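Chemist: Given next are the chains, with one letter for each unit.
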Amino acid sequence: MPTGKPEILPGTLEMLALKTLSFGPLHGYGIAGHIQRLSGDALRVEEGSLYPALQRMQAKGWVRSEWKQSPTGRRARYYTLTAAGRKQLAGEAESFDRTVAAIARVMRAAEA
Amino acid sequence: MRRLVTRLRELAWRAHARLRRGTLERELDDEMRFHRELLARDLERDGLSAAQAREAASRRFGNTLRLRERSADVWGFPQLETVLQDLRYGARALRRAPGFTGVAVCATGLAIGVNCAFFTLVDSLVWKPIPVADASSMVALVTSIANRETNGRFSHAEYMDIAGRTRTLRDVTAFAPGRIALADPAGGRRALAVGAGFVSGNYFAALGGVAERGRVLVAGDDEPDAPPVVVISERLWRSAFAEAAGVVGRDVIVNGVHVTVAGVARRDFIGVTPVVPDVWMPVTVAARLGIIGASLASRTDRFLALHGHLRAGATREQAAAESSPIVADLAQPAPPAGSELADRWVTGVRVLPQTSLVPLDMQTARIALPGFVAVALVLVIACANLAILLLARALARQREVAVRMAVGASRARLVRQLLTESALIAALGAVLGLALANWAVTATAQAVVQRLPISIGTLVLDLHPSGRVYLYTIALGVASVLVFGLVPALHGTSLDLHTSLKGEDRLFGSRLRRSRFRDGLVAGQVAACVVLGVAAATLVRSLRESLRADTNLHVEQVLVATLGIDGSGRTSPRLAAARSELAARSGQLAGVERTARVTEVPFAGAWASLHVAGRDEGLPRVLPYNVVTPGYFKVVGQRLLRGRGFSPADSGASARVAIITAAAARTFWPGREGVGQTLRAVHASETGADVVTPYEVVGVVADARSGSLWADDAAGYVFLLATPRQVAGGDMALLLRSDGSRRDLVPALSRLAADIDPTAPFEATWVTRLLDAQAVPFRYAAAVATMVGALGLALAAVGLYAVVAFSVRQRRREVAVRVALGATPRDVLAAVLRREIRLVVAGLGAGVVLALGEARLLGATGIPFSPVGAGGFVAILLFLLAVALIATAIPARLALRVDPMQALRQE
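Those protein sequences? They're chains A and B, same order as listed.
Number 126 in the working numbering belongs to position 102 of the first sequence; there are no gaps in the numbering.
Number 183 in the working numbering belongs to position 129 of the second sequence; there are no gaps in the numbering.
Some hints could be false.
Said to hold, decoys possible - The list that follows gives simulated cross-link-like pairs (lysine to aspartate or glutamate, EDC-like), each with its CA atoms no further than 16 Å apart:
#	chain 1	residue 1	chain 2	residue 2
1	B	688	B	635
2	A	84	A	121
3	A	84	B	64
4	A	84	B	127
5	A	92	A	38
6	A	43	A	118
7	A	92	B	81
8	A	92	B	84
9	A	43	A	121
10	A	111	A	38
11	B	688	B	811
12	A	84	A	118
Hints in this document: simulated from the structure, not taken from any laboratory.
Here the structure is a predicted model, which means the values were calculated and not measured.
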């Protein structure tokens, strides 16, 4: 499947999902769509892999889920960020920023 | 803390999820379907056809089945569940093959049991802390003699100085073992001979001993004017006092002296030796009242074992440096080498750790190592066998494995499955082994103790398996799983699915590779068998040799009778008279052929030694010696070779006479008769100077091992004639030779003794029992080695059988083709066996090399083993070869009975 889109970095899917949920409860399709839209369709996600990640995050207590009526009238499972999830997101975002900054510094130095 | 809460919450979630797994699965499916539907709807909106949109949505979504599996990772505990599943599956597989399981579990059980039993024994002696208060700082003080590392004792005066002056040690205690006669003042009953511990007053307090009733000995009890008290053991309280409540304060008679029972020590109090006495009394009181013949003032009467605790911060070296000047005889000039004084010349004190009953040092290691090697070999053989059995089983299960692989089980998963099965075998084996070891060790210890003829106390050895034993067993189990399980599991799962499913045992496929491993197993266990066989033979031979050495003595009809307890060289005149009377009157007793008095009883242990020289210029040699009355040689049946025996006339004469053994004659006057020569005995006098006493050698008797079975007596023995004063002194044992005419000789003697002195303890023991008791450790070692060897051999035979059955099975079609082409079964049998026999021979060769190394290991223990000669080697090799031939031929023949047509048709 040769596409020019970069594979999502391992481990970042959970962070992206947490970030998405920080704006409010969403169902799985909504989360996937949000990530895709905001990344400008630049990140390729095997959309289904979101679900094992959501189960994992539920086990860890970062998100909660409940079945609700969706706007289309079908029942869908909505995920909500918990306090623990918010804390986790803050931590991950910070370490992500640090990593990116560090990588960027190295790359710039290599060009100079 | 917060992390723990998070972790616990996750566990709770997983557990909860496990319970509603069905719901979760349904919900997930629902959710994923919803996702795909929305995706398809959106794609359709973008202009795809309904079918195209569904397909694209599925593609973008991914493999639903795999996603569901990955999601399920957090529902419950999948890793644990896999293990449980493997266990269930393994248990089922083992139940289905009860024969295989039985053999495998028994083999591992026996092998692990043997290892465990040995380790338990070593553990309780070497690693278990000595059961005293504050065992970790406990040290033993020993004197070095003539700069040699001997475990010398201390005199009481030295003890007082060390205990009083030390700054590095605290709670220094003194202990001397002995035997006493314990009598009831009410009379009537004969006194009991019991083991005694003569101790310092602080002995109980320092070692944490407490009383069951009354009190233990305390520091004041050993004061010069303290009233004489004793503490008795709980065992004695039960057996001799019938658990009487009023035992405390009771008056008892110890060696004729009235003392008071202060209390009963608790059963778990052991003190410094595993042989626990029945009576403890202050050593000072015992010496003052003449219960023991020791001198408290003398600095050279060394009979006390000293122990202490290191103070915090002090080292053993400091303690040794501190006490050495107190005891060392360094002020005096060094005595000439070889003189008796040199053997008592204390040059310093060593302080040794005594945190366990036996120190973990090189000497211990040297003695324990061959045992460890032997039992480890049994385990190696058992593991090799199991590996072979499992290989054969893997072959039989190829189809099952192939089917599981075909339906998608990964190889790693299958290996884990097969290893789980091996682990189950090892676990069952370990449990069986632990139980066997526990039983064997306890039973053996009891049997050994029961066979000791004289009660010197109770052997209290804590043989309960410690945590270390369990760890060791687990380690053995894990090691055996890896050794016997891994390779078969790897082999069993490296399959060519195509041929395996078709039911072909590989004909010419990967046989070469797997054979090398298998060949190694065969040759290896044969080699291990040789080593075990040689070890067992060495021990059995050593036992026989040491017991055969007494063929020049005829002691089957000889009794040793003891009236009263020896007061360590200070027999009371009354007891001496009673003994003389017993000697005289027992000689007249019907059934007694003749009697003799001796200072050393044959086979009661190592004899005292005498420094003797043949000529003036020669250095004195140290020889075991005995002081005897003229009848001795006739009583023990030792033949006179040259010259004459002692005659009663000799004792009156001023000339001192000696009889020596042929070996002693060779030692001093090689190539000469010996009779008529002069023997010079060197004694140290009170003043410290050596005194030389000449003895005329009047006769030479046949060589006969007479004292310790284990001591080096190659230089011979010396017999001196007892002087009338020595005989009258009463400090000599009575030997009686029975004429075999009456069975009730011992009771008759006992009645005679009661007639002479009704209160003194009396014991009559057959000398053969003493001999037997000395041989007990070796007898057990030989029996255990034989059992271990037989076990190894049996296992190896089973293994060989399995190997050949396996190999023939593997080559069944090849054999069938050959037979179909006209080969006779004999030809085929020869072809199959040739290879196995080659392996066996290779194993035998390797075994011989290893056995030679083992002989060196045994030699390093310092125990005089009689090594197996070339003849013995050949016999062992032939025996093993014969067993191997039988073990190979039977399965080969059985396999050949298969109808070739049937074997070929199986394809």
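Chemist: Looking back at the hints listed earlier, which ones does the structure fail to meet?
Modeler: 1, 2, 5, 11 and 12
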